[in-house]
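Next come the chains, spelled out residue by residue.
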Amino acid sequence: MSTPTLGLDCDVIVVGGGPAGSCAALVAARAGLDVVLIERGPFPGSKNMYGGVVYPRILDSLIPEWWLEAPIQRWVTRRSTMLLTDTQAMTVDFRSEAWGRPPYNGATAFRPDWDFWLAGHAEAAGAQILTSTTVTGLIRDASGAVVGVHTDRPDGDLRARVVIACDGVNSFLAKEAGLYTHTDAKHFTLGVKETLALPEEVIDERFNVRDRQGVDIEILGGTSGVNGGGFIYTNLDTLAVGVVLKLPALAAQKARPEDIIATLKAHPAIAPLVQGAELKEYSAHVIPEAGLEMMPKMTMPGMLVAGDAAALCLAAGIWLEGVNFAMASGMYAGEAVIEAIKAGDLGSKGLAGYERRLRDTFVLRDHRKLRRAPKLVLSDRVQHLYPAMVANTVERMFRVDNPAPKPGVRRILREERKRAGVKLSDLARDGWNGFRSFG
Amino acid sequence: MSTTPPTNRPTEMLEPHAWGGMSFQERMATAEFRIHHEPHIVVDGSVCSDCSTRECVVACPASLFVPTSDGGIVFNHEQCFECGTCYLVCNREGAISWNYPEGGHGIVFRRT
Chain A
1 MSTPTLGLDC DVIVVGGGPA GSCAALVAAR AGLDVVLIER GPFPGSKNMY GGVVYPRILD
61 SLIPEWWLEA PIQRWVTRRS TMLLTDTQAM TVDFRSEAWG RPPYNGATAF RPDWDFWLAG
121 HAEAAGAQIL TSTTVTGLIR DASGAVVGVH TDRPDGDLRA RVVIACDGVN SFLAKEAGLY
181 THTDAKHFTL GVKETLALPE EVIDERFNVR DRQGVDIEIL GGTSGVNGGG FIYTNLDTLA
241 VGVVLKLPAL AAQKARPEDI IATLKAHPAI APLVQGAELK EYSAHVIPEA GLEMMPKMTM
301 PGMLVAGDAA ALCLAAGIWL EGVNFAMASG MYAGEAVIEA IKAGDLGSKG LAGYERRLRD
361 TFVLRDHRKL RRAPKLVLSD RVQHLYPAMV ANTVERMFRV DNPAPKPGVR RILREERKRA
421 GVKLSDLARD GWNGFRSFG
Chain B
1001 MSTTPPTNRP TEMLEPHAWG GMSFQERMAT AEFRIHHEPH IVVDGSVCSD CSTRECVVAC
1061 PASLFVPTSD GGIVFNHEQC FECGTCYLVC NREGAISWNY PEGGHGIVFR RT
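From first to last, the protein sequence lines are chains A and B. The first sequence begins at 1 in the working numbering and counts up by one. The second sequence begins at 1001 in the working numbering and counts up by one.
Hints are computed from structural coordinates only; laboratory data are not their basis. You may find that some hints are simply not true.
Stated by the list, open to error - Computed footprint of chain A on chain B; a stretch qualifies when at least three of its residues, placed anywhere within it, have a C-beta under 8 Å from a C-beta of chain A:
#1 1026-1037
#2 1042-1049
#3 1058-1068
Here a beta-carbon is modelled for each residue, glycine too, at the ideal position from N, C-alpha and C.
The shape of chain A in the complex, shown without the other chains (with noise of 0.2 Å):
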């Protein structure tokens, strides 16, 4: 461990002690920096709550064959997409027995499992924790740059040659230095989670799964008008339900995030699922859903930004991914602060190196290629008015109305497609959106 420059109490102070913080912390700590995390909560993970699923392949690099020791619940091996009206349900739903085996591909976790599991590896590296101490602001030179943080401990600043703010969606630091523009509510959903105890093998049976597999069910249409999605993840002995919402159509809509749940779980497709649960705890948190549109920017002088704090999360409807862009951009904060310090550059152009990491990976590669997707899913035709227009066009499709001949597809779904209110341009604009998105 390298000595800290006079004046100073270390090299890298991590802010937040979620998954880009540990791997940022990990990955500096490793390379014999002398890193102090900082976390508000009385544990790394205490804080945090999402809805279900990670995907740890980054951690390939980091910590080798992580899957024996992490603390998952499920492995998940089944992916369906649900779409639901009052009335009626459709489920495109894959499974795959890969997923099951080494390396497995996702995984549902409790976050603060995760979190205080991967935290355990940043301080196995080397690096020191500071729990229960919360950031109040950035203490800044006469140039501008960050040069540590104030905290509400008694004497409580901390000096650093950089910072890494970890420090979740709500990001008070990234907004501090002016990394963000400005602040919609329409950039945001709140997620809102029941979890639910079964025993595990009415798990198992319910959703057809054993050996400790798991399902992801994610859900189109069943959050009572308000645009946004449910979802459905088995843990082991528990069951993570809940809905994310977004903001301003949450509160225009007079419907409280509570009785939303409830009106999903009543769902004739979603109630047996559910049926005789117990809550064990009810918990909620802001999501960044904007992607691209809403991203800072991602360094100044001595402050780079990682995780949800940067808006590093991935809400493109099928894919619902953010633990692991977290865990990458944490890891590649790390990373580009080690070849400053070597440079001994830790200004914009020294800290660089984050952003050509994030552009030239997934982190930034998916948001790109991704960029239309989360407006699209979130749009008011596809939250309120396709998933009757094609579950009434699946219906009549399966109906037998004998003695009448059966109609043709074609003639349904124009049929549909009017009853819908839905208009030909508008479709055939949101066909081509999506197409390009996702194709």
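We have chain A already, so just place chain B on it with the hints.
For chain B alone, coordinates are given in the frame of chain A:
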């Protein structure tokens, strides 16, 4: 699904027994809060009194914003998830001053 929010649901579906007879207080009691005596969020009721939209009342997942009969808002910080929804949906400049609680306090999601 209809194009308008569903209003035709049987009202009993929205009653507590639909999720197992649990009141909102019981729901909130499932989460652990290490309460600090000093509120980390301060609501300026004088700004709220002429707000008719009251986004915070609907959107706060912990239902911490309660309208009063005299047209104000009462806010209690104790069971706050620290999510940020309230300041994000609020349309009134200066109504909500929002900070994180002192280190070690506030919501603590559980490890298994």
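Hint check:
Proximity of the stretch 1026-1037 of chain B to chain A, defined as three or more residues with a beta carbon under 8 Å from a beta carbon of that chain, is established by the 5 residues found. With a threshold of 8 Å between beta carbons, the proposed coverage of the stretch 1042-1049 of chain B by chain A is violated, since 0 of its residues qualify and at least three are required. Counting residues of the stretch 1058-1068 of chain B whose beta carbon lies closer than 8 Å to any beta carbon of chain A gives 5, which reaches the threshold of three, so the coverage claim holds.
Checked against the numbered hints above, the structure violates only hint 2.
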